Amino acid sequence: MEVVKIKRCIENYVKRVDSNTYGDIIDETINLNILLTQKMDDQGVFTDAPFKPLLPYLTQRPTTLGDFNSFTYGRIPKAPLSFYINDPIRVEGTSDDGNLPNVSSYRVDPVTGNPIYVNNLDMTSNSDLIFTGVINQDNEKLHYVLGADKDDINNTGVHYITFFNEYVNKVNNEGKLERYLKTDFYSDVNSINENNVTLSALTKQEEYLGLVFKPEVDSEVFINRGVADIFERHALLCELKTTNDIDTNRGGFIRT
Amino acid sequence: MATGNYGTIRPADVSVDDIEILYSFSPTRGDNSSDSTLLSLDPTQVLVPASNPNDGAEILGGMYTLKLPTNEFTAKGFYNIIIRPKQIRTTIQSCGVLSSSPDIIGVVLQLNDPSIDGGDKVKFENGNLVGYRMEYLSTNTNSAQKKMQNLFRIITSNNRVLSVSENVSNASAQVLSYSFDDSSDLVFCTLTPSSAPSIKPDILPYIGEPGQNIILTNTFFNPIMLEVEMVEYDDETLAYALYGNQTKSLDDGIYTIYNFDNEIYKQYVLFEIKDQFTGKPLYEVREELDNPDFSKEFGDITDV
Numbered sequence: 001m002e003v004v005k006i007k008r009c010i011e012n013y014v015k016r017v018d019s020n021t022y023g024d025i026i027d028e029t030i031n032l033n034i035l036l037t038q039k040m041d042d043q044g045v046f047t048d049a050p051f052k053p054l055l056p057y058l059t060q061r062p063t064t065l066g067d068f069n070s071f072t073y074g075r076i077p078k079a080p081l082s083f084y085i086n087d088p089i090r091v092e093g094t095s096d097d098g099n100l101p102n103v104s105s106y107r108v109d110p111v112t113g114n115p116i117y118v119n120n121l122d123m124t125s126n127s128d129l130i131f132t133g134v135i136n137q138d139n140e141k142l143h144y145v146l147g148a149d150k151d152d153i154n155n156t157g158v159h160y161i162t163f164f165n166e167y168v169n170k171v172n173n174e175g176k177l178e179r180y181l182k183t184d185f186y187s188d189v190n191s192i193n194e195n196n197v198t199l200s201a202l203t204k205q206e207e208y209l210g211l212v213f214k215p216e217v218d219s220e221v222f223i224n225r226g227v228a229d230i231f232e233r234h235a236l237l238c239e240l241k242t243t244n245d246i247d248t249n250r251g252g253f254i255r256t
Numbered sequence: 001m002a003t004g005n006y007g008t009i010r011p012a013d014v015s016v017d018d019i020e021i022l023y024s025f026s027p028t029r030g031d032n033s034s035d036s037t038l039l040s041l042d043p044t045q046v047l048v049p050a051s052n053p054n055d056g057a058e059i060l061g062g063m064y065t066l067k068l069p070t071n072e073f074t075a076k077g078f079y080n081i082i083i084r085p086k087q088i089r090t091t092i093q094s095c096g097v098l099s100s101s102p103d104i105i106g107v108v109l110q111l112n113d114p115s116i117d118g119g120d121k122v123k124f125e126n127g128n129l130v131g132y133r134m135e136y137l138s139t140n141t142n143s144a145q146k147k148m149q150n151l152f153r154i155i156t157s158n159n160r161v162l163s164v165s166e167n168v169s170n171a172s173a174q175v176l177s178y179s180f181d182d183s184s185d186l187v188f189c190t191l192t193p194s195s196a197p198s199i200k201p202d203i204l205p206y207i208g209e210p211g212q213n214i215i216l217t218n219t220f221f222n223p224i225m226l227e228v229e230m231v232e233y234d235d236e237t238l239a240y241a242l243y244g245n246q247t248k249s250l251d252d253g254i255y256t257i258y259n260f261d262n263e264i265y266k267q268y269v270l271f272e273i274k275d276q277f278t279g280k281p282l283y284e285v286r287e288e289l290d291n292p293d294f295s296k297e298f299g300d301i302t303d304v
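Here the protein sequences come in this chain order: A and B. Anchor point for the first sequence: position 21 equals 21 in this note's numbering, and the numbering is continuous, going up by one each time. Anchor point for the second sequence: position 230 equals 230 in this note's numbering, and the numbering is continuous, going up by one each time.
Mixed in with the good hints there might be a few duds.
[As the list claims (entries may be wrong)] Derived list of chain A stretches under chain B, where covered just means 3 residues or more per stretch with a C-beta under 8 Å from a C-beta of chain B:
1) 5–11
2) 144–152
3) 184–192
[Said to hold, decoys possible] Non-contacting residues of chain B with respect to chain A, defined by C-beta distances greater than 10 Å in every case (computed):
4) T8
5) D35
6) T37
7) S94
8) N112
9) D120
10) T217
11) K248
12) Y255
13) Y283
14) E287
Keep in mind the hints are simulated off the structure, nothing from the lab. Since we're looking at a predicted model, the values are computed, not measured. Idealized CB from N, CA, C, for every residue including glycine.
The task is simple: from the sequences and hints, build the whole structure.
Now the structure itself:
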């Protein structure tokens with residue numbers, strides 16, 4: 001971080017005219033000009049965490065330290081993948097009502113023309129394993145789930161609650177007004193578990209991180225092999241025909 | 001042959017809304033009496049960007065005027081002022097992959113997290129967090145240091161996503177993944193680096209943990225520290241005493257030093273202390289007057 005040293009004299013801000021406020025600070029601010037800059041480069045950033053094993057070695061997943069975090073606690077030798085998978089926390093948010101057609105029955109109300117939602121009616125094609133449909137409903141809201149485990153509907157899949165009486169207005173990218181029913185969603189399913197994560201990491205080709213150096217060729221290679229035999233220096237001196245040869249011969253090896 | 005530029009330094013045109021200012025005060029540079037207590041200043045109140053002289057509505061870039069309020073910054077001593085990018089604190093909701101690209105891993109943030117200021121929510125819109133730095137707080141509840149030191153990641157993309165359940169052919173082992181949906185309030189951020197280098201493919205590409213508290217910081221400018229030394233006297237005030245106008249009233253012994261605007265800068269009374277019995281002078285005294293005698297204004301005296 002750059003450090004800028006500035007000196008200001010308090011006298012510059014003091015009133016020195018004949019009045020009851022003689023000697024008081026009259027300015028409201030002390031103004032300093034500063035220069036803010038932004039430094040950019042395209043160098044890749046990587047933190048190569050040193051291997052710090054957690055000691056003593058554990059044979060079971062630590063449970064007393066909060067969520068296991070290998071960056072905080074160090075790695076555990078031979079730890080299985082399950083050590084790294086923490087319990088899921090609820091993922092929740094809001095969305096639009098675009099998933100309502102996925103759970104509506106094929107019937108419509110003959111009076112209003114609105115689709116009829118039927119509790120516990122599975123609308124998925126794979127109904128042996130999956131449940132996609134309405135869980136419960138009342139006049140205000142519809143609670144439905146997409147892709148839940150048929151044997152554990154409440155804890156799996158993505159749950160949606162669409163409110164019939166609450167609308168959300170939104171301007172889309174084309175500038176047109178879109179209106180949809182307010183919809184909350186939540187899921188207690190983990191985003192990372194043994195089914196989509198392995199312990200073998202992905203790789204990055206470091207040569208493409210963005211740093212490019214101009215190739216340099218050192219042509220003045222000189223290898224001092226030592227004195228090979230007692231006649232070597234004499235032989236070398238025989239090759240010197242001019243004084244310039246003294247400087248250039250053998251890359252400057254021979255000095256007078 | 002040019003190898004291409006890969007870096008530059010540009011004058012920052014950052015908005016004052018993206019800046020944080022902290023300061024501490026020390027009466028002397030060598031004050032060891034106490035640890036520095038950092039206080040904060042509102043940048044929108046004290047920092048003014050310079051405007052382009054040809055167009056007042058266009059920020060010049062680089063030059064900012066820091067207007068320190070005199071009710072806080074006129075004590076004699078040293079003010080250390082840190083001007084740094086603004087921090088946003090929030091919590092990782094989840095770490096997951098995109099539904100359509102399972103090899104792209106990222107962290108999921110909640111736009112409506114109450115710890116995010118209302119004014120900062122717009123920064124979580126699609127693409128606005130690119131270039132932000134993500135730093136991590138420790139998940140170790142027993143750790144004395146709450147921050148995971150020397151660890152940060154850079155956000156390379158952020159988009160609103162909706163969670164979808166994956167692996168539905170085996171429902172008991174299903175996982176969540178994320179698909180782009182601008183109506184959602186979840187934000188999927190990809191980070192760099194999120195993969196290990198080819199030379200050490202077995203090291204961990206750490207990007208965070210669900211539930212982990214993080215700090216998001218913009219990288220719009222380099223932080224700087226100002227050491228503002230407030231002094232009572234400088235070269236100018238010393239020049240008042242050397243080269244400024246002065247008067248000495250022979251009647252009442254009032255000695256006045258004027259600044260270069262001929263305003264009373266200092267005023268003293270000069271007198272002698274004599275032995276009360278012999279009348280022999282013992283001391284010559286110059287004593288500063290707290291309340292100046294304004295009848296000794298330079299203009300009044302020299303007009304006589």
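Outcome of the hint check:
| no. | hint | verdict |
| --- | --- | --- |
| 1 | 5–11 | holds (count 7) |
| 2 | 144–152 | holds (count 7) |
| 3 | 184–192 | holds (count 6) |
| 4 | T8 | violated (6 Å) |
| 5 | D35 | holds (19 Å) |
| 6 | T37 | holds (19 Å) |
| 7 | S94 | violated (4 Å) |
| 8 | N112 | violated (7 Å) |
| 9 | D120 | holds (17 Å) |
| 10 | T217 | holds (13 Å) |
| 11 | K248 | holds (19 Å) |
| 12 | Y255 | holds (16 Å) |
| 13 | Y283 | holds (28 Å) |
| 14 | E287 | holds (17 Å) |
Comparing the model with each earlier hint shows violations of hints 4, 7 and 8; every other hint is respected.
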